[in-house]
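There are 2 protein chains.
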Amino acid sequence: MITGEKALTTPTNTPLPSIAILGGTGKEGPGLALRWATAGYRIIIGSRQAEKAQATAAELNARLGINTIQGMENSQAARTADLCVLTVLQDAHRDIIENLKADLIGKILVDTTARVEFQAPKPPAPPSAARLAQTKLGPDVRVVAAFQNVPANLLKKNLGQTIEVDVLVCADDPQAAQEVIQLSTAAGMSAYYAGGLDNSVVVEGVTSILFSLNKHYGGDAAVRITGLGN
Amino acid sequence: MITGEKALTTPTNTPLPSIAILGGTGKEGPGLALRWATAGYRIIIGSRQAEKAQATAAELNARLGINTIQGMENSQAARTADLCVLTVLQDAHRDIIENLKADLIGKILVDTTARVEFQAPKPPAPPSAARLAQTKLGPDVRVVAAFQNVPANLLKKNLGQTIEVDVLVCADDPQAAQEVIQLSTAAGMSAYYAGGLDNSVVVEGVTSILFSLNKHYGGDAAVRITGLGN
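Sequence lines, in order, name chains A and B. 163 is the number that the working numbering gives to position 163 of the first sequence; each next residue is one higher, with no gaps. 165 is the number that the working numbering gives to position 165 of the second sequence; each next residue is one higher, with no gaps.
Just so you know, the hints here were simulated from the structure itself, not pulled from any lab data. Check the hints yourself; a few may be wrong.
[Stated by the list, open to error] Pairs of lysine-lysine residues, derived as DSBU-like cross-links and limited to a Cα-Cα distance of at most 35 Å, are as follows:
#1 A/215 to A/157
#2 B/215 to A/136
#3 A/52 to A/101
#4 A/215 to B/52
#5 B/27 to B/101
#6 B/101 to A/215
#7 A/52 to A/122
#8 A/215 to B/136
#9 B/122 to A/27
#10 B/122 to A/122
#11 B/215 to A/122
#12 A/27 to A/136
#13 B/27 to B/156
#14 A/27 to B/136
#15 A/101 to B/122
#16 A/136 to B/156
#17 A/156 to B/215
#18 B/136 to A/122
#19 A/122 to B/27
#20 A/122 to A/215
#21 A/27 to A/122
#22 B/52 to A/122
#23 B/122 to A/156
#24 A/52 to A/215
#25 B/52 to B/122
#26 B/136 to A/156
Since the structure is predicted, the reported quantities are computational estimates derived from the model, not experimental observations.
The shape of chain A in the complex, shown without the other chains:
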């Protein structure tokens, strides 16, 4: 049984893992970086160009009044961190997975990819992006799918406060899922273990639903889960 965290808490008795945010100079990565850095995690921004990563790191440090966020080329970032979060654009997903295979060995890779176009949203075909990643990376990397549906602009404001979004965490390894549930909680979002990696194609597809809702009703639609026993 995996329990969802409901409040803004971080583990207290173990050192926090360092987190590399690969492709972390886009929309989603900096928001997650800000929230995790605020919660005390050591953050490394990764990018194809070290200079670009360092520029984003400097911006984030300036916003938070800290100097602990680093910027590195993706491969070095992956090797340096305890845990990696992939926030590249969907078109770059395949290449970065292939390029970083050796760097990710022994680590958890959190895949945030949702293969949905904003202009013409439609559900992606299975297998899920995270399953594709797991297949390419093999059993030495534990892939966890999460954060595909989190509106980037909600991450960047009101740091330290909770966000009205529930994160659906899919993984074949429940222990890895539990670590990502803790990360989600640390970033201010409730999170739930939503089954194996194949389920994450649905979570990707939910992005298509949310884009459709936003087009018709305006706003930043997000999903919450109700009715659970605890």
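Given the structure of chain A, go ahead and fit chain B onto it with the hints provided.
Same frame as chain A, but now just chain B:
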């Protein structure tokens, strides 16, 4: 622009459509029937056997203290009603669509099918059940996908009160979607237009997520939408 209904309302100036609930003797159909009958809709329970449909209709009438719910063989039910709702088990989906094609001409067919097994939940492959239905039925029937994620046991209790479930309504015809949004509201659930019929494969797949959540956390998980502009 399609607007979501937030309260328990029904259209006031037009007569309510009669509703056939095809395959309506299972788990989901009677719950919807009870709620719509409570809201004043004329309900016809359909089944492969007229006697079985009549027995269910009699049970529902007895519960509500009315005698207006009828039971008929599916084909007759479809022809008699203004609008049809399909609540068959997934294995029966294909056959009933083929068998009722002529009876459904000119009508809206609401497809509630989620092709997910409770014991081994996994996302269904596209195309969605509703898209398959639309393709088989052709342009003379307007298929709307809805109610795939509504826990049946929530429908049957506290009739007349709202349910903490949001219904994602997918249809290629926005006007047909709007009619189903009104039906959902009448049954006590908020509903939103979530894009075209192809999006409904995601809504089916959400059932796989909800089954996974129920297994880990207990309860009757359901989805709510937050963050919309209105």
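Structure-based check of each hint:
Of the supplied pair hints, the one linking residue 215 of chain A and residue 157 of chain A holds, its CA atoms being roughly 22 Å apart against a limit of 35 Å. Note on residue 215 of chain B and residue 136 of chain A: the hinted pairing holds, with a Cα-Cα distance of about 29 Å set against a maximum of 35 Å. For the proposed pair residue 52 of chain A and residue 101 of chain A, the alpha carbon gap of about 22 Å is at most 35 Å, so the pair holds. About 44 Å separates the Cα atoms of residue 215 of chain A and residue 52 of chain B, which puts this hinted pair outside 35 Å; it is violated.
The straight-line distance between the Cα atoms of residue 27 of chain B and residue 101 of chain B is roughly 24 Å, inside the 35 Å bound, and the hint therefore holds. A threshold of 35 Å between alpha carbons decides the hint, and for residue 101 of chain B with residue 215 of chain A the separation of about 33 Å falls inside it, so the pair holds. Taking the CA atoms of residue 52 of chain A and residue 122 of chain A, the gap is near 32 Å; set against the 35 Å cutoff, the hint holds. Restraint check for residue 215 of chain A and residue 136 of chain B: the C-alpha separation of about 29 Å stays at or below 35 Å, so the hint holds.
A threshold of 35 Å between alpha carbons decides the hint, and for residue 122 of chain B with residue 27 of chain A the separation of about 30 Å falls inside it, so the pair holds. The suggested pairing of residue 122 of chain B with residue 122 of chain A holds, with an alpha-carbon distance near 19 Å, which does not exceed 35 Å. The suggested pairing of residue 215 of chain B with residue 122 of chain A holds, with an alpha-carbon distance near 29 Å, which does not exceed 35 Å. Of the pairs offered as hints, the one joining residue 27 of chain A and residue 136 of chain A holds, with about 25 Å between alpha carbons and a cut-off of 35 Å not exceeded.
Between residue 27 of chain B and residue 156 of chain B the CA atoms are separated by roughly 9 Å; this keeps the pair inside 35 Å, and the hint holds. Using a Cα cut-off of 35 Å, the hinted pair residue 27 of chain A and residue 136 of chain B is violated, with the two alpha carbons roughly 42 Å apart. Our distance criterion of 35 Å between C-alpha atoms is met by residue 101 of chain A and residue 122 of chain B, whose separation comes to about 27 Å. About 47 Å separates the Cα atoms of residue 136 of chain A and residue 156 of chain B, which puts this hinted pair outside 35 Å; it is violated.
With a C-alpha separation of about 34 Å, the suggested pair residue 156 of chain A and residue 215 of chain B falls inside the 35 Å cut-off, and the hint holds. In summary, the hint linking residue 136 of chain B to residue 122 of chain A is supported, as the alpha carbons are separated by about 21 Å, within the 35 Å threshold. Simply put, residue 122 of chain A and residue 27 of chain B have alpha-carbon atoms about 30 Å apart, close enough for the 35 Å limit, and the pair holds. This hinted pair checks out: residue 122 of chain A and residue 215 of chain A have alpha carbons roughly 13 Å apart, not beyond 35 Å.
Distance hint between residue 27 of chain A and residue 122 of chain A is fulfilled; the C-alpha atoms sit about 21 Å from each other, no more than 35 Å. Distance check on the hinted pair: residue 52 of chain B and residue 122 of chain A sit about 40 Å apart at the alpha-carbon level, beyond 35 Å; violated. At roughly 33 Å between alpha-carbon atoms, residue 122 of chain B and residue 156 of chain A fall within 35 Å of each other, so this suggested pair holds. This hinted pair checks out: residue 52 of chain A and residue 215 of chain A have alpha carbons roughly 32 Å apart, not beyond 35 Å.
Among the hinted pairs, residue 52 of chain B with residue 122 of chain B is consistent with the structure: their alpha-carbon atoms are about 32 Å apart, no more than 35 Å. About 47 Å separates the Cα atoms of residue 136 of chain B and residue 156 of chain A, which puts this hinted pair outside 35 Å; it is violated.
Taken one by one, the earlier hints fail for this structure at numbers 4, 14, 16, 22 and 26, listed in ascending order.
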